[in-house]
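Using the hints provided, position chain B relative to the given structure of chain A.
2 protein chains.
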Amino acid sequence: MIQRPRGTRDFTQEEMITRKVIENDLRTTALRFGYFEIATPTFENAELFIRKSGPEIVGQLYTFTDKGGRELVLRPELTAPVIRFYANELYKQPKPLKIFYLGNCFRYERPQKGRFREFWQFGAELIGTDKPEGIAELITFAVTCLANVGLKTYDLRLGDLEFLRNILADWAFPTERQGGFLNALDKGDVDSLTAMLQDENIPARSVEAFLELIQTKFDAAEFETKYELLLDQFPVIKEHLERFKNVVLLLRRFGITEFTIDLGIARGLDYYTGIVFEIDVGSLGAEKQVCGGGEYSLGELFQIKDIACSGFAIGFDRVTLAYNLEGLIAEKPQLDIFIIPLSTPGLHKAIELANLLRIEGFNIDMDLKDRNMSKNLKYASSRKVKYVVFLGEDELDKGSALVRAMNSGDQTEVAFGELVNYFQNLA
Amino acid sequence: MIQRPRGTRDFTQEEMITRKVIENDLRTTALRFGYFEIATPTFENAELFIRKSGPEIVGQLYTFTDKGGRELVLRPELTAPVIRFYANELYKQPKPLKIFYLGNCFRYERPQKGRFREFWQFGAELIGTDKPEGIAELITFAVTCLANVGLKTYDLRLGDLEFLRNILADWAFPTERQGGFLNALDKGDVDSLTAMLQDENIPARSVEAFLELIQTKFDAAEFETKYELLLDQFPVIKEHLERFKNVVLLLRRFGITEFTIDLGIARGLDYYTGIVFEIDVGSLGAEKQVCGGGEYSLGELFQIKDIACSGFAIGFDRVTLAYNLEGLIAEKPQLDIFIIPLSTPGLHKAIELANLLRIEGFNIDMDLKDRNMSKNLKYASSRKVKYVVFLGEDELDKGSALVRAMNSGDQTEVAFGELVNYFQNLA
Numbered sequence: 017m018i019q020r021p022r023g024t025r026d027f028t029q030e031e032m033i034t035r036k037v038i039e040n041d042l043r044t045t046a047l048r049f050g051y052f053e054i055a056t057p058t059f060e061n062a063e064l065f066i067r068k069s070g071p072e073i074v075g076q077l078y079t080f081t082d083k084g085g086r087e088l089v090l091r092p093e094l095t096a097p098v099i100r101f102y103a104n105e106l107y108k109q110p111k112p113l114k115i116f117y118l119g120n121c122f123r124y125e126r127p128q129k130g131r132f133r134e135f136w137q138f139g140a141e142l143i144g145t146d147k148p149e150g151i152a153e154l155i156t157f158a159v160t161c162l163a164n165v166g167l168k169t170y171d172l173r174l175g176d177l178e179f180l181r182n183i184l185a186d187w188a189f190p191t192e193r194q195g196g197f198l199n200a201l202d203k204g205d206v207d208s209l210t211a212m213l214q215d216e217n218i219p220a221r222s223v224e225a226f227l228e229l230i231q232t233k234f235d236a237a238e239f240e241t242k243y244e245l246l247l248d249q250f251p252v253i254k255e256h257l258e259r260f261k262n263v264v265l266l267l268r269r270f271g272i273t274e275f276t277i278d279l280g281i282a283r284g285l286d287y288y289t290g291i292v293f294e295i296d297v298g299s300l301g302a303e304k305q306v307c308g309g310g311e312y313s314l315g316e317l318f319q320i321k322d323i324a325c326s327g328f329a330i331g332f333d334r335v336t337l338a339y340n341l342e343g344l345i346a347e348k349p350q351l352d353i354f355i356i357p358l359s360t361p362g363l364h365k366a367i368e369l370a371n372l373l374r375i376e377g378f379n380i381d382m383d384l385k386d387r388n389m390s391k392n393l394k395y396a397s398s399r400k401v402k403y404v405v406f407l408g409e410d411e412l413d414k415g416s417a418l419v420r421a422m423n424s425g426d427q428t429e430v431a432f433g434e435l436v437n438y439f440q441n442l443a
Numbered sequence: 017m018i019q020r021p022r023g024t025r026d027f028t029q030e031e032m033i034t035r036k037v038i039e040n041d042l043r044t045t046a047l048r049f050g051y052f053e054i055a056t057p058t059f060e061n062a063e064l065f066i067r068k069s070g071p072e073i074v075g076q077l078y079t080f081t082d083k084g085g086r087e088l089v090l091r092p093e094l095t096a097p098v099i100r101f102y103a104n105e106l107y108k109q110p111k112p113l114k115i116f117y118l119g120n121c122f123r124y125e126r127p128q129k130g131r132f133r134e135f136w137q138f139g140a141e142l143i144g145t146d147k148p149e150g151i152a153e154l155i156t157f158a159v160t161c162l163a164n165v166g167l168k169t170y171d172l173r174l175g176d177l178e179f180l181r182n183i184l185a186d187w188a189f190p191t192e193r194q195g196g197f198l199n200a201l202d203k204g205d206v207d208s209l210t211a212m213l214q215d216e217n218i219p220a221r222s223v224e225a226f227l228e229l230i231q232t233k234f235d236a237a238e239f240e241t242k243y244e245l246l247l248d249q250f251p252v253i254k255e256h257l258e259r260f261k262n263v264v265l266l267l268r269r270f271g272i273t274e275f276t277i278d279l280g281i282a283r284g285l286d287y288y289t290g291i292v293f294e295i296d297v298g299s300l301g302a303e304k305q306v307c308g309g310g311e312y313s314l315g316e317l318f319q320i321k322d323i324a325c326s327g328f329a330i331g332f333d334r335v336t337l338a339y340n341l342e343g344l345i346a347e348k349p350q351l352d353i354f355i356i357p358l359s360t361p362g363l364h365k366a367i368e369l370a371n372l373l374r375i376e377g378f379n380i381d382m383d384l385k386d387r388n389m390s391k392n393l394k395y396a397s398s399r400k401v402k403y404v405v406f407l408g409e410d411e412l413d414k415g416s417a418l419v420r421a422m423n424s425g426d427q428t429e430v431a432f433g434e435l436v437n438y439f440q441n442l443a
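Those protein sequence lines, which keep their order, are chains A and B. Residue numbers for the first sequence, in my numbering: 17 to 443. Residue numbers for the second sequence, in my numbering: 17 to 443.
In isolation and in its complexed conformation, chain A is listed as follows (with noise of 0.2 Å):
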């Protein structure tokens, strides 16, 4: 029997209800926040992602030769992608632009626990201003996501790699090497940025107090703290550092009291600029991010116009699993009323009050295969059906069908005229 291929997934009827009550939650938000939906082809011609992701996930890319000839990757992220529709198309229209999408994207990498290799996305990328105002709201979008879903945890991290770059352009390290350096930061690799900067002949001391910074963290509530500590041991970061402290200030506002200072964060992707921040959910365990994004710039990628950028992506499948694994339920569509005939006019009728109960808007199932009432009544309790309509002969003479509650097992009689209102009064 043929299968699916290798770390991609089949979802249920039961995991589609969860996915869709999600991705529910995660549109209302969106347009909460004044951000609509567009949505790009699932390929894109290769030269979009060579050019534009890191190394990590060049190798990752599905790529192939279509019969045209034409060099096409299955996407691997969907910010490219958004940002080459804004350069084509979206850039006419007012600033700033709000825009989200949900979209599955595609690497090939060795499938585990909560990695597959197709996998959902949910963005978003404000377009157009470079405020703290609008890196404040766009956090502040991402962290409702998650208390939206219903997510009882979560731990936003904040980071402005502007206080890297000023550093690394203080001591004069070179431009061209910063993505390399920016790459090792997000690794953690300490001993490769320890060699980095001794090749560049920075004193010890200094990449001795730079190694400290980038393993910075506090707890928001310590900011006014450290930032005098901050300034004093790096001035040549003033200006972000009051930038950075304004956005602390409008976080709060914005009712984001709870949060980590990380200065860490680097992000796999050198096109980031300034603030960057993550989310982990704790109850994932090990790999707890769901959400990655920051202020960035990809105007000179693009040939375009440089303009001011920030966005972020939510992983939809942990958010997935996060939901079950805290245990939150979906709310189910119901099927409502099963309809179950016992002879041929019996058939009839039942096919008319299906017709009838879903023009008025329940759910209705009713036999289709001609069965006994026994393995109707199973089979109905199986699909947790609310209520079972039979349509037999003596109920037909009567012009009036047997409704069974299948919660409580009461039955009543209902005249056919009087269906419609009788189910309209129990829901």
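Rather than coming from a laboratory, the hints here were simulated on the basis of the structure. Certain hints may be false.
As the list claims (entries may be wrong) - Restricting the straight-line Cα-Cα distance to at most 30 Å, the calculated cross-link-like pairs of lysine-lysine (BS3-like) are:
id, chain 1, residue 1, chain 2, residue 2
1, A, Lys108, B, Lys83
2, B, Lys147, B, Lys261
3, A, Lys147, B, Lys391
4, B, Lys261, B, Lys168
5, B, Lys83, A, Lys391
6, A, Lys147, B, Lys385
7, B, Lys147, A, Lys391
8, A, Lys111, B, Lys348
9, A, Lys261, A, Lys321
10, B, Lys108, A, Lys385
11, B, Lys129, B, Lys261
12, B, Lys108, A, Lys391
13, B, Lys203, A, Lys261
14, B, Lys36, A, Lys36
15, A, Lys400, B, Lys168
16, A, Lys111, B, Lys400
17, B, Lys402, A, Lys108
18, B, Lys111, A, Lys385
19, B, Lys321, B, Lys147
20, B, Lys400, A, Lys108
21, B, Lys147, A, Lys402
22, A, Lys83, B, Lys83
23, B, Lys36, B, Lys147
24, B, Lys147, B, Lys254
As the list claims (entries may be wrong) - Listed next, the stretches of chain A that the computed footprint assigns to chain B, with coverage defined by at least 3 CB atoms under 8 Å from CB atoms of chain B:
id, segment
25, 48–62
26, 267–278
All C-beta atoms, glycine included, are put in the ideal place defined by N, C-alpha and C.
Chain B alone, transformed into the frame defined by chain A:
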């Protein structure tokens, strides 16, 4: 500038609103008929489609080899993956199994109006019954999908491949050539059909009668008259004609009274067995077919216990096109309020109000670019906001905001504490 690949599409905010409204109509309709949603991966092992799809589809496949050497295919249609999922896992569930799905498919064909290389299908399968009420309800479901989306005119055509198979069997037409025969029939290639029948030494008079049969089209209202004629001409189809008659009767009970009997429908794929149907939407012009389906059997192909199935696929993109052509307009999610702070204290108050109003379920946007009033008003107007809230210094001093209704221009001063109430009363 990098463009999207040929034959694919980006979807703007307006397009996505329409698509999501149509998706929602289709999902709601499916639930009314007792169908629940599932999903399968975007790519499958190539074998699945190479073995199961018609030759035309195989020629249009997007195939590729992954880094592990697996031959994969971007799915060209959704029935084969769904049946694979059934054979792998869902076979354990009680029958009949009623499942639906909405997904993207890929075919390398020449892009033209309403035809894309990435396109969407909405489909349903009814697995585990061969009763007339099963296929009659399925067809009703398909028609109701289009009605509930709001399309005004659509034409259902109903055929039965079993008639043709019975006649061919009666003539001892070789089974292994029936697939090719049905393919020629699907293309309306009368010359090939005639040649194939002549090759088997079918008498000229029989060939003529057969060609007449497959070109037979009549209104469902004429069925009772035509029934006798058909039976007279092809007595071998008696049993299936009786069953067909019953399906026509049940369809009428389901309220589907206006349709065409079209005995020339062959469907492209040779796994169809009995009743087949197609639905056209006249407003689409030449490429007007939006739905196709019927009774089929996949057991042999999948090496599973044979089981009676029926199903259909609706071309989601064509439905969307028809929706627009018929002048239907999706109700847009509204941006309710745009908040304009005119100072730093105004910004802090704006954030506080945005929080409050979002929690109450309003869709809120605010100035994120620190712009002046007139630029903000222009932006709010471009985003079709219903109300603008000004937080000028005068207002802040008085503890109130100025609310402007964008449609009338009327302005009202509202105390901060009253603002949520004020908007709730307007909604």
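Taking 30 Å as the top limit, are the C-alpha atoms of Lys261 (chain A) and Lys321 (chain A) close enough?
holds (29 Å)
Satisfaction of hint between Lys391 (chain A) and Lys83 (chain B), Cα-Cα up to 30 Å:
violated (49 Å)
Would you mind confirming whether the straight-line C-alpha gap from Lys400 (chain A) to Lys168 (chain B) stays at or under 30 Å?
violated (35 Å)
Given the hint that Lys111 (chain A) pairs with Lys400 (chain B), does the C-alpha gap stay at or below 30 Å?
holds (14 Å)
Pair hint Lys402 (chain B) and Lys108 (chain A), alpha-carbon separation not exceeding 30 Å
Holds, because 23 Å separates the two Cα atoms, which is no more than 30 Å.
Just to be careful, I want the Cα atoms of Lys261 (chain B) and Lys168 (chain B) compared with a cutoff of 30 Å; is the pair within it?
With Cα atoms ~27 Å apart, Lys261 (chain B) and Lys168 (chain B) stay inside 30 Å; holds.
Lys111 (chain A) and Lys348 (chain B): Cα distance at most 30 Å?
This hinted pair holds, its Cα atoms lying about 20 Å apart.
Would the pair Lys321 (chain B) and Lys147 (chain B) pass a check requiring their Cα atoms to be no farther apart than 30 Å?
Given pair Lys321 (chain B), Lys147 (chain B) holds - Cα atoms ~18 Å apart, limit 30 Å.
Mind checking the alpha carbons of Lys400 (chain B) and Lys108 (chain A) for me, to see if they're no more than 30 Å apart?
Satisfied, since the Cα-Cα distance of roughly 16 Å is no more than 30 Å.
The segment 267–278 of chain A covered by chain B? Criterion: 3 or more residues, Cβ-Cβ distance below 8 Å.
The restraint on the segment 267–278 of chain A holds, since 3 of its residues have a Cβ under 8 Å from chain B and three suffice.
Taking only the CA atoms, is the gap from Lys83 (chain A) to Lys83 (chain B) under or equal to 30 Å?
holds (20 Å)
Hint check: Lys108 (chain B) vs Lys391 (chain A), CA-CA at most 30 Å. Holds or violated?
Between Lys108 (chain B) and Lys391 (chain A) the Cα gap is close to 16 Å, so the pair holds against 30 Å.
When each numbered hint is compared with the structure, violations occur for hints 1, 5, 11, 13, 15, 23.
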